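Start from the sequences and build out the full structure, keeping to the hints where you can.
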Amino acid sequence: MADRPRMGDELKRMEEEPLLDVEKKLIGWSLIAGVVLLVILVWISYTFFPAH
Amino acid sequence: MATGQAAKGASEDWLSVWIGLLIFVLSLGVFVGADILGWGITTAVWTDLGKALAPVSKAYAGLGGIGSLVATYLFLLVVMTIGAAALKADLGKFVTGFTFVFWASYVCWIVGSWAYLAATADKLKAFGISWSLNLTAEAGFLVALIAGLVVGNLFPGLVEATREAIRPEWYIKTAIVILGGFLGVTAAEKLGLATAVMFRGLCAIIEAYLVYWAVVYFISRRYFKLSREWAAPLASGISICGVSAAIATAGAIKARPIVPIMISSLVVVFSCVELLILPFLAQAFLYTEPMVAGGWMGLAVKTDGAAVASGAITDALIRAKAFTMQGVKYQEGWIVGTTTTVKVFIDVFIGVWAFILAVIWTSAIERRPGERVSPRQIWDRFPKFVIGYVFTFLVILLVGLAAPGSLGKAKAAMGEANVFRGIFFVMTFFTIGALSNFSKLWEEGLGRLAAIYVVCLFGFIIWVGLLVSWIFFHGVKPPLVAG
Chain A
1 MADRPRMGDE LKRMEEEPLL DVEKKLIGWS LIAGVVLLVI LVWISYTFFP
51 AH
Chain B
53 MATGQAAKGA SEDWLSVWIG LLIFVLSLGV FVGADILGWG ITTAVWTDLG
103 KALAPVSKAY AGLGGIGSLV ATYLFLLVVM TIGAAALKAD LGKFVTGFTF
153 VFWASYVCWI VGSWAYLAAT ADKLKAFGIS WSLNLTAEAG FLVALIAGLV
203 VGNLFPGLVE ATREAIRPEW YIKTAIVILG GFLGVTAAEK LGLATAVMFR
253 GLCAIIEAYL VYWAVVYFIS RRYFKLSREW AAPLASGISI CGVSAAIATA
303 GAIKARPIVP IMISSLVVVF SCVELLILPF LAQAFLYTEP MVAGGWMGLA
353 VKTDGAAVAS GAITDALIRA KAFTMQGVKY QEGWIVGTTT TVKVFIDVFI
403 GVWAFILAVI WTSAIERRPG ERVSPRQIWD RFPKFVIGYV FTFLVILLVG
453 LAAPGSLGKA KAAMGEANVF RGIFFVMTFF TIGALSNFSK LWEEGLGRLA
503 AIYVVCLFGF IIWVGLLVSW IFFHGVKPPL VAG
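Chains as they are written, first to last, in my numbering: chain A, 1 to 52; chain B, 53 to 535.
Note that these hints are calculated values from the structure, not bench results. Some hints could be false.
[Said to hold, decoys possible] Below 25 Å or equal to it, Euclidean Cα-Cα: the simulated DSS-like pairs (lysine-lysine) are:
hint : chain 1 : residue 1 : chain 2 : residue 2
1    : A       : 24        : B       : 306
2    : A       : 12        : B       : 277
3    : A       : 25        : B       : 306
4    : B       : 306       : A       : 12
[Said to hold, decoys possible] On the chain B side, residues computed to face chain A include the following (Cβ under 7 Å):
hint : residue
5    : 242
6    : 243
7    : 245
8    : 255
9    : 263
10   : 271
11   : 276
12   : 279
13   : 416
[As the list claims (entries may be wrong)] Simulated restraints on C-beta separations:
hint : chain 1 : residue 1 : chain 2 : residue 2 : range
14   : A       : 12        : B       : 337       : 34 to 42 Å
15   : B       : 177       : A       : 48        : 23 to 31 Å
16   : B       : 418       : A       : 37        : 27 to 35 Å
17   : A       : 48        : B       : 337       : 24 to 32 Å
18   : A       : 25        : B       : 241       : 20 to 28 Å
19   : B       : 83        : A       : 48        : 48 to 56 Å
Keep in mind that this is a model prediction, so the values were computed, not measured. Ideal Cβ positions, reconstructed from N, Cα and C, are used throughout, including at glycine.
Below is the structure:
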């Protein structure tokens, strides 16, 4: 493993990459979808798949 | 296994299916009166070591404990060495390594079955002892993990010499294929509850992908200034399913191979820490909500091995505590079954998630003109051991539903297969510990990556996982043991 850089050195040298709009959209839509689906899936679970 | 053992031949994934199915099929001999695996070793909780070991079936009692243990070792050595040949591993080193892993793991299992560690409150009188740590026989898993950690951190040369057989993902995937049949029996007895648990498990993992990933990626990029090449695999590693997700994501965004390797090392070490802490937290605070605890292990603990292993320990710890505190005796298997369900569903969608990321990366983030992403990669990244798990689960479930009178035989058959599941489990614990080399990570320069991991895992993922698990599983209780 001597032929590759240490992880620490690699991370120190890392250049900052600004957050692109497409990344912001990916993050935002994931969270929105997560919250909306949570509500829907909880309803489906308790309505159609009761566990009691 | 991602931690440095790229298979050159067949994949560990497919091998775990075939080996798991072999043991499953052999165990089905019980249905036609052929007790093929009855010589498999079992270890009872003991105060007299001489009485601890015995074959699982009385038909093989003449073999004795030691004979049964040696027969089990030889059987697994042959089967796993054939598997290692298919992997194109160095067979000489594999045989040596497997022998070490098997015996070290089984000694840990025997130690963990000592009554002072393992006996539950209702058995103290029978053993003639006044106290025990009440850890159940699964204490052997913890002993194996600690022993593995000692070997991995204090004897790195020994790990290197036996590395061909230090394959926790292979062992746990084989165990999960066998576990499918065991859970099939459980589900056949309570189909409505099993269906609800499976659907809710599917719901819970949607959160793992959509909420976990987005938040970890955002924190990594915005606050820790990681590049996309590091942030995406790290987000998948922390939030989805550890090693395999980090590798799939790195492949999808065309990161350099060193990125998932480094992240995988981090994932394995932190999974080990989770495995040592979370089951005991669950026992302390969730013994009244056993299924929440099971789902939580699946959502919070990364890597298949550590997650299912923590589910197994949680199953034992919570059943012991519920009995001690409430006098309630839950059936074995439902908590680890919930963990496994959640983990398997998470694994199933890794390929889909990697495909989505690949499309976004090639079309919008790092545009590569003319490059198209093939949907075939969804299948390429599909965890094949899930096929074995679903197959054994469905076969036993359908047999149980079609002929309820045969459930007794199914239980006996899966009981024999379960012997081997337990051995694969304990080898998983030992090898997870052996791979968790803390000093190596330190030498690499933990710094920012470990900080992100700690912040996201302990500050966010564990607690959101608990919340999601509570939303879907609170109030759901495993069936009680009859009588």
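Hints and how they fare:
1. For the hint pairing residue 24/A with residue 306/B, the CA-to-CA distance comes to about 20 Å; that is within 25 Å, so the pair holds.
2. The straight-line distance between the Cα atoms of residue 12/A and residue 277/B is roughly 11 Å, inside the 25 Å bound, and the hint therefore holds.
3. The suggested pairing of residue 25/A with residue 306/B holds, with an alpha-carbon distance near 21 Å, which does not exceed 25 Å.
4. For the hint pairing residue 306/B with residue 12/A, the CA-to-CA distance comes to about 21 Å; that is within 25 Å, so the pair holds.
5. Look at residue 242/B: its Cβ only gets to about 10 Å from chain A, farther than 7 Å, so that hint breaks.
6. About 12 Å separates the beta-carbon of residue 243/B from the nearest beta-carbon of chain A, more than 7 Å, and the hint is not met.
7. Interface hint status for residue 245/B: upheld, as the beta-carbon distance to the closest one in chain A is roughly 6 Å, under 7 Å.
8. The closest approach between the C-beta of residue 255/B and any C-beta of chain A is roughly 4 Å, which is under the 7 Å cut-off, so the hint is satisfied.
9. With a cut of 7 Å, the hint placing residue 263/B at the interface with chain A holds, because the nearest CB-to-CB distance is about 4 Å.
10. Using the Cβ-Cβ criterion of 7 Å, the hint placing residue 271/B at the interface with chain A is not satisfied: the shortest such distance is roughly 10 Å.
11. For residue 276/B, the suggested interface contact is broken, since its CB lies about 9 Å from the closest CB of chain A, more than 7 Å.
12. About 5 Å separates the beta-carbon of residue 279/B from the nearest beta-carbon of chain A, less than 7 Å, and the hint is met.
13. Proximity of residue 416/B to chain A holds as hinted, the smallest CB-CB distance being about 4 Å (cut-off 7 Å).
14. For residue 12/A and residue 337/B, the Cβ-Cβ distance of about 40 Å falls inside the hinted range of 34 to 42 Å, so the restraint holds.
15. A hinted range of 23 to 31 Å for the beta carbons of residue 177/B and residue 48/A is inconsistent with their spacing of about 47 Å.
16. Evaluation of the 27 to 35 Å hint for residue 418/B and residue 37/A yields a pass: the beta carbon distance comes to about 28 Å.
17. At roughly 30 Å, the beta-carbon separation of residue 48/A and residue 337/B lies within the given 24 to 32 Å, and the hint holds.
18. Range check, residue 25/A to residue 241/B: about 47 Å between beta-carbon atoms, so the 20 to 28 Å window is missed.
19. Range check, residue 83/B to residue 48/A: Cβ separation about 35 Å, and the 48 to 56 Å hint is violated.
Consistency with the previously given hints fails for numbers 5, 6, 10, 11, 15, 18, 19, ordered from lowest to highest.
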